Amino acid sequence: MSEKISIRMSGLGGQGAVTAAHILGAAAYRDSLQVTVNPFFGAEKRLAPAESYVRISREPIFERGEVLYPNIIMIFHPHVITLGKCYTMPFFDGLREGGTILINSGTPLDLTKEDRQSLAERRAKIYYVPATEVAMQVSGTELSTNIAMLGGLYGIRPITTMKALEESMMERFGGGKFVASATTAALDDAVKEKFGKVSQMIEKNMEVVRKAGESLTEYSLS
Amino acid sequence: MSEKISIRMSGLGGQGAVTAAHILGAAAYRDSLQVTVNPFFGAEKRLAPAESYVRISREPIFERGEVLYPNIIMIFHPHVITLGKCYTMPFFDGLREGGTILINSGTPLDLTKEDRQSLAERRAKIYYVPATEVAMQVSGTELSTNIAMLGGLYGIRPITTMKALEESMMERFGGGKFVASATTAALDDAVKEKFGKVSQMIEKNMEVVRKAGESLTEYSLS
Amino acid sequence: MNKPIFQISPGFEEIMPPEYRELVANGPYGKGFGVSDLGSYKELIEEHPLCAGCGLALSIRLALASLPNPGDTVIVGSTGCSSLVFPQVALHNIHSLFGNQNAVASGLKRALKLRFPDKVKDVVVIAGDGATADIGLDMVMQSWFRRENITTIMLDNEAYANTGGQESGMSRQGAVLNMAPTGKKFPKATLPEVAQAAGCAYVAATSPAHPRMLEKAVRKAVLIAREVGPTYIQLFSPCPTNYKFKPQETIPLIKQREKEGIFRNQEYISDEAQRFLDSLEEARKK
Amino acid sequence: MNKPIFQISPGFEEIMPPEYRELVANGPYGKGFGVSDLGSYKELIEEHPLCAGCGLALSIRLALASLPNPGDTVIVGSTGCSSLVFPQVALHNIHSLFGNQNAVASGLKRALKLRFPDKVKDVVVIAGDGATADIGLDMVMQSWFRRENITTIMLDNEAYANTGGQESGMSRQGAVLNMAPTGKKFPKATLPEVAQAAGCAYVAATSPAHPRMLEKAVRKAVLIAREVGPTYIQLFSPCPTNYKFKPQETIPLIKQREKEGIFRNQEYISDEAQRFLDSLEEARKK
Amino acid sequence: MIEQKVVNPEFLFFTAEKKKLFMTGSEAVREAIRKANVDVAISYPITPQSESMHLVGDLFAEGYVKEYFRGENEFAVMSSVAGAAMAGVRVFTATGGPGTLRAFEVFPTWAGARLPIVCAFMTRGVNSPLTIQPDTIEMAYLLETGILMLHAETAQDLHDMILKAFIVAEKTDVHVPVGVFADGFFVTHTKEALEIPEPDIKLPSYDPNNSPVPPMDMESVPVRQMRDPFVMKSNFISYAAHASWQQEVDAARERSRKYLEKYLGGLLETENEDADVLLVTSGTAVCQSREAMAAARAQGLSVGLVKLKCIRPFPAQEIKALAAKAKAIIVPEFNRVGWLAKEIKSVIDEPGKVIGAPRVYGGMTMPPELILDEIRRVSR
Amino acid sequence: MIEQKVVNPEFLFFTAEKKKLFMTGSEAVREAIRKANVDVAISYPITPQSESMHLVGDLFAEGYVKEYFRGENEFAVMSSVAGAAMAGVRVFTATGGPGTLRAFEVFPTWAGARLPIVCAFMTRGVNSPLTIQPDTIEMAYLLETGILMLHAETAQDLHDMILKAFIVAEKTDVHVPVGVFADGFFVTHTKEALEIPEPDIKLPSYDPNNSPVPPMDMESVPVRQMRDPFVMKSNFISYAAHASWQQEVDAARERSRKYLEKYLGGLLETENEDADVLLVTSGTAVCQSREAMAAARAQGLSVGLVKLKCIRPFPAQEIKALAAKAKAIIVPEFNRVGWLAKEIKSVIDEPGKVIGAPRVYGGMTMPPELILDEIRRVSR
Amino acid sequence: MYYAARVAEEKCTGCKICIISCPDSNVIAYCETKKVKIDAGRCKGCGLCVSVCPKDALTVSQD
Amino acid sequence: MYYAARVAEEKCTGCKICIISCPDSNVIAYCETKKVKIDAGRCKGCGLCVSVCPKDALTVSQD
Ligand SMILES: Cc1ncc(C[n+]2csc(CCOP(=O)(O)OP(=O)(O)O)c2C)c(N)n1
Ligand SMILES: Cc1ncc(C[n+]2csc(CCOP(=O)(O)OP(=O)(O)O)c2C)c(N)n1
Ligand code: SF4
Ligand code: SF4
Ligand code: SF4
Ligand code: SF4
Ligand code: SF4
Ligand code: SF4
Ligand SMILES: [Mg+2]
Ligand SMILES: [Mg+2]
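Line order of the protein sequences matches chains A, B, C, D, E, F, G and H.
Numbering-wise, the first sequence is residues 1 to 222 according to this note's numbering.
Numbering-wise, the second sequence is residues 1001 to 1222 according to this note's numbering.
Numbering-wise, the third sequence is residues 2001 to 2286 according to this note's numbering.
Numbering-wise, the fourth sequence is residues 3001 to 3286 according to this note's numbering.
Numbering-wise, the fifth sequence is residues 4001 to 4380 according to this note's numbering.
Numbering-wise, the sixth sequence is residues 5001 to 5380 according to this note's numbering.
Numbering-wise, the seventh sequence is residues 6001 to 6063 according to this note's numbering.
Numbering-wise, the eighth sequence is residues 7001 to 7063 according to this note's numbering.
Excised from the complex, chain A in its bound form:
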């Protein structure tokens, strides 16, 4: 990787944006990259806005807090944009020149003309991935939506090795020791319930990653 990647993940409480950020960050850390992960939330409630920020680089990273000028924006739920359920507004403003947007949706959203125009000016790339659908299809639960979103991301740009990603998931779902908020812990339990064994779950998750990577559509701004 040549320069710092700053990622903003915006979702709703319960969708696992915070977990996705942790998995991605830990994977990068395993690949010996410099990394910080910041979750950010107000009321920790299902469907309330939840954002998470990941910064990855080969150089030391000091900065923390919200990523105001992301290279990559991941949108876990259309409501983030359509209902303004996010911490950053106007939503696309900070996206860097040549940045990437990844949206969980099967079909393109109706972006405003202004948004489309300004994104085009910045030579932004927009991708859609039906993450919830993929999660349902492959692992049988929409709770893997966040993993599918990571799959979409890796489909666009493999931020870490697959091995690191898999190990990071293992660490996250394997031990009992991971520190998560109560809401997250409750969802973790629900996820684990779905699968008999952790290994089985990781396997499914890696399949979700692959499948999601294959289900990307690029959306033309012009």
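The hints are simulated quantities; they were obtained by calculation from the structure and are not laboratory data.
Note that the structure is a prediction, hence the values are computed from the model and not measured.
Positions of the beta carbon are idealized from the N, C-alpha and C atoms, including for glycine.
Mixed in with the good hints there might be a few duds.
Away from chain B, derived, C-beta distances all over 10 Å, residues of chain E [what the hints assert, rightly or not]: (1) M4001; (2) V4007; (3) P4204; (4) S4205; (5) D4207; (6) K4262; (7) G4300; (8) A4324; (9) K4325; (10) A4357.
List of simulated lysine to any residue pairs, SDA-like, C-alpha gap at most 20 Å [claimed, not checked]: (11) K7034/H x Y3041/D; (12) K4258/E x P4313/E; (13) K4258/E x F4314/E; (14) K2031/C x R4224/E.
Using the hints, position chains B, C, D, E, F, G and H with the ligands against chain A.
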């Protein structure tokens, strides 16, 4: 009066040093003098130290708080010195050149040699007045000890007119509106109980003042 | 609905949000609605951000639907899950600090009495178990000791839910929660008994599993608080998120607890309060 | 008296104040003294600055004389008249802030248990009615809810006495006091009932007019607190200074209140606590 | 209620005939509240404030105050006072020292909720060790809570400032709480001469309709209205709203300057301001400084005095200008930490001029002689 | 209890082999406490502190901490912690924002009672309006409470400072409480790389016999001993004792400098200290400043950084010396009031050099770009 | 894509129990047909109503 | 000059009630004579003991 008089009254809770200061201050105020009165106490308990400070002058007075350099020290109870029940120590240190000390006692106290020497150097005058005895004899209650102490003071130096003093007492014991601490209020009630009418009480008190003035003994330091 | 506060100034109808217009046209103020009317009028809550399926949200919805006079009711809340609902509630309501709800309500009620001597202004406190039985207990009890004319409703989800599921004084003994890693060491606080000992004129414990019982309790509590003295209602509804059960299990779970005798619907009413209710009933009959 | 803490280092006997030497020679530590032994040993209090004749001072004196194990008892006090006594008491004792006594005691007791697992260290809270029933009520009750092994003694003089006689929650209804210029508007708080509802294993209300009853209550309370759970004692003794009666009327006044039924000596003991006392009695007999 | 004539504030402050009285600071509080047309007063005892609030209770009994009760602790009292203020009435309370600290969390919420509460703080030292004596340390803690802070030198100031505080606090473009500080004992318990208007007049009553935030009474729009709702929205708006709300409260405080100028006659007052040495202080440290200044001038030393009447908003510009001319600035304080010296140092160009002494704490008075020593030292 | 090897503090801090970990600030607190040999920890939930104290609870369940419970509110928790400390054990707790304010009255008593409590403050904004986001305003309030104050930039700092805090706090000649401050979310919830010693070693246990004030356990002389007795004597002695006690606590704080120097490697840390423009700040404003400094230097601007690790005692002399050489001093802060800028202005010779900006509050991060703007502005 | 409750009209007796058991306001409405109707846009699919319907007239499903 | 309680020895039966009713410690002592003795230096003359003595053996007076 040519210059500022600063008086420190030291007594024990329940002896009325605070009340005496208020009466004296109000009398001076009636005589159109400048005056401030500061009571000072810690735990407001019977027999706990209680001090009160009166500053009287023809010129404006700004200063407040304890009188550190008094012209006059009034000691309402020997324990003030003998048991150190006071706010100022070493007790006589601040007395001004040529200052006056008035002690409630029938017989001279056993002052330390150092005290006697340093007081002599400052040309201090020491007076004794058996204030509690006078109070008992004249008004039949030791609760008038504070009035007797004022009597002793006026015997040494008539700080205000007698008329102002009498009116001030009238105001203090007459209305029901005087603001006093609970302990003081309780004692007030006890005092009032003693006398049928306020006027009778004031009359007795004025007699206490006169009698005390006559019962002074000067104590020679040499 | 004659109070000008509920009317939209002429000419402004268009620009008001549709929910607001609906509220004005079809809200519950001054209508004497109750729980049975739910589903047929525009309610006081306009969407809320609590977890989907939260029984505490249901408790609030039912409690608000049970208010005898929403048009003149001011709510005092406290920090906690419930405080996320109140910005969405079409009543004047206060959030001050975590736990000081009954002190705020005491000042509020007394001041409202001064300003509106001829009107009834109900002051209803709605707060979590942590706010009521832990951090705010002194102020809650003193408002009872002082016989303030306010109703206190505790939303008992058996945890500090909004901060991520810590043990509260209302958690059951043995419950393993955050900050109680080896299980809670002491029993659930007996607030209804304490309330009674502290001078409440009316005390009830019930749950959203019994909407009509809940409604009766709230109505009685608010009416009695107006004239007789402080009243207390405890609404039981464990937090699914933090106790990790499915929201749809909430009501079966409450009923199961009832069967096991772990939770008891209770009601206490002082003689004076009963006489007062009887007199209202008399008056109504005439 | 073998604990080195009670011995004067050899050679220093001369320079220690006589009161201290007397205490070492003739104090109550480890002697099993009680109220009946007063007058025949050097007491724990060395003069106190409370008002002459104050019944609260008598309550403290009797309570200290009733401690089953003064040599290993730590007192936690609070701001108020009583706090003026404690600097004069020959026990380790803490003054922290007004009203936080039971919270301080909770931390203290748990830490002492850690440090001295094989020793009994009694922690006894002694504080005013304002400290206990008003400003500190939350912390008092939570220590009960949490079942802390501490004894709480309230000195009920029916007022904030140390600040000059203001109405407290324990003042009687109608009492005209500072800050209650038109008379207190609500009844005396019913702390014994509240204590029982809050989980105390032993609750007693009595007064210094019954020194032996007081002694029994304190002994039971301290012993039960060691093993069973929190205990509460309320000692009634109105403040003569602020209620403006003569100190020597204190005891007749208390007895009169008893006759009128205004004050009631009460005792409540949980079954578990009773069984524990019985077992102690058994053991003693053997 | 007692019959009193409602007069306009300016008349009460400046025009009404005054009577001379000899009374304590606590009594001066009573006389202020007697004329302040207060609706609700809530009390909790603490030395040296108790007497003031006893006297306010007497006013309630006499019918000058409409509602009054004793709360259960200071945190609760300050919360109840907030509840009453939100209901749209004029409220008063007082506390000091440990009471101030016990209630601490509430003060920033008063400011944030734009409540025009007037609270008298009778300053006292704080634990540990326990003390009940004068000390202004609590002011250091309150500096950034968002309340306006006036500091009385005398009982006269205390009386006047309380009355004026209501009027400033309630201006629509201000509408924030005001703390009136008076040094315990030195002001509360000292008996001195005052000149105050007769008690048969009073301020106009508080009009909640002039409030920039509507009262919580279900009488005003919008119906869906919460005091303190921002974070609840959990999005960017909440941050922006929070930040801008803080700015608005700041701005409201700044807007109070013009009213403070008008009613107090300036945020500070000077005497011999062109002197070489300036004594700059507030509260009863001013009284002591006056004595020291008189003595020093009698000895031919060039000494002036700057009395700060208002600590928040801070008269930074005024002080900066005065400091520029002086050779040395002595800041006597009744506390250990020297918060006022720090304030002053941080707003002037040459903080090296500031002498943060004498500092007296622990309960004793500040002998003018100590100030004189400093004057002599710097005048050498 | 879990078996761990007791090592001497210097070994643990400087010599012990370190392992790399990727974790949050909250987890870093757990790892510090795991090795801190804590006897009693008491908790009360508040965002963003809760997770730390959950984790400390887990340590209790695992046997690393001997006693742990949830208190009823922060005032009570801080009181219980004081009670435990007086009994002669090592205690830990944490809070933040409103929790800090709720407990406010207790902090000066910790200092006054010479209790070596270590408390982590996870800073957050305070009401009204309610916010749960990062803001360092509570530090402004705590400056004069008498506790030592360390401010962590990163999770690494937080971990290290907590462990070192115990050792400094417990020195006989110091023996005062230490607050370790970390910016909520920015440190507590951020996951980053740390290097920390293995968990099989721990600090020596607290020895109450080294305390300058004996524990309350009826095991040490004198028998007649009260914590906090002074005012009770009600006489001159009480004043003198009170004043001199305050001086002694002050002095104890000053005496901590030598230990802080030793363990923290200085109260502050500099980078390019001879630059024209110095960024002087603490906490996560330092991280943001590092980014800004890097960007500015890349653009050829002369910028240095002063990271303040310790706010109390304040490194006044060090800052004064550094400031003398700089042309401008930029103080970025995460609060509205700018308490750090004020501190700095009050100790340097030319406060006019200080730029109290950017200030961010309301919950958002401080974009390094804003700091860069200030650098550019002053470098012009 | 999102879950919501649906009514099997034929089973519903209009007893309103579901209405008063839904944690969200104005989701289930009572119709003139004496049956209930669910606003799928507001329904959060939590299933509380399902757990109380005495007639098993409710289910939660994805649209 | 100061008030203190005094015992009329002939009346005193040594019942100790006064001892346990005195608010001050070590003022009233129990003697070998099975009567009580008052330390006038410590006695505050409050009269509490007087109010409880069943034998009217106590009085408060000035020395
Ligand atoms: C003084 C203070 N301490 C702690 C908090 C953090 N806090 C906010 S809500 C909450 C829990 C509320 O619990 P509860 O009252 O039971 O309501 P719930 O969230 O369970 O509905 C806590 C601990 C705070 N806001 N203020
Ligand atoms: C936070 C705080 N508020 C108020 C006070 C003032 N204060 C000290 S003692 C006291 C009254 C104590 O009353 P109580 O507990 O009944 O004890 P008593 O003096 O009656 O024995 C008060 C109000 C204080 N010290 N701290
Ligand atoms: S956390 Fe629990 S109580 Fe709070 S909204 Fe979610 S489900 Fe309801
Ligand atoms: S004020 Fe009352 S309670 Fe306090 S010491 Fe005096 S008599 Fe006793
Ligand atoms: S509960 Fe079932 S039967 Fe009753 S109204 Fe609802 S859907 Fe119809
Ligand atoms: S699923 Fe939940 S939200 Fe939807 S109607 Fe049923 S109870 Fe209401
Ligand atoms: S009470 Fe009376 S009879 Fe009994 S011991 Fe005392 S003096 Fe003697
Ligand atoms: S008069 Fe009072 S102090 Fe003296 S012995 Fe009797 S009870 Fe004790
Ligand atoms: Mg709860
Ligand atoms: Mg009392």
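Subject >> Unmet hints by their number, sorted upward, for this structure >> reply: Hints that this structure does not satisfy do not exist here, as all of them hold.
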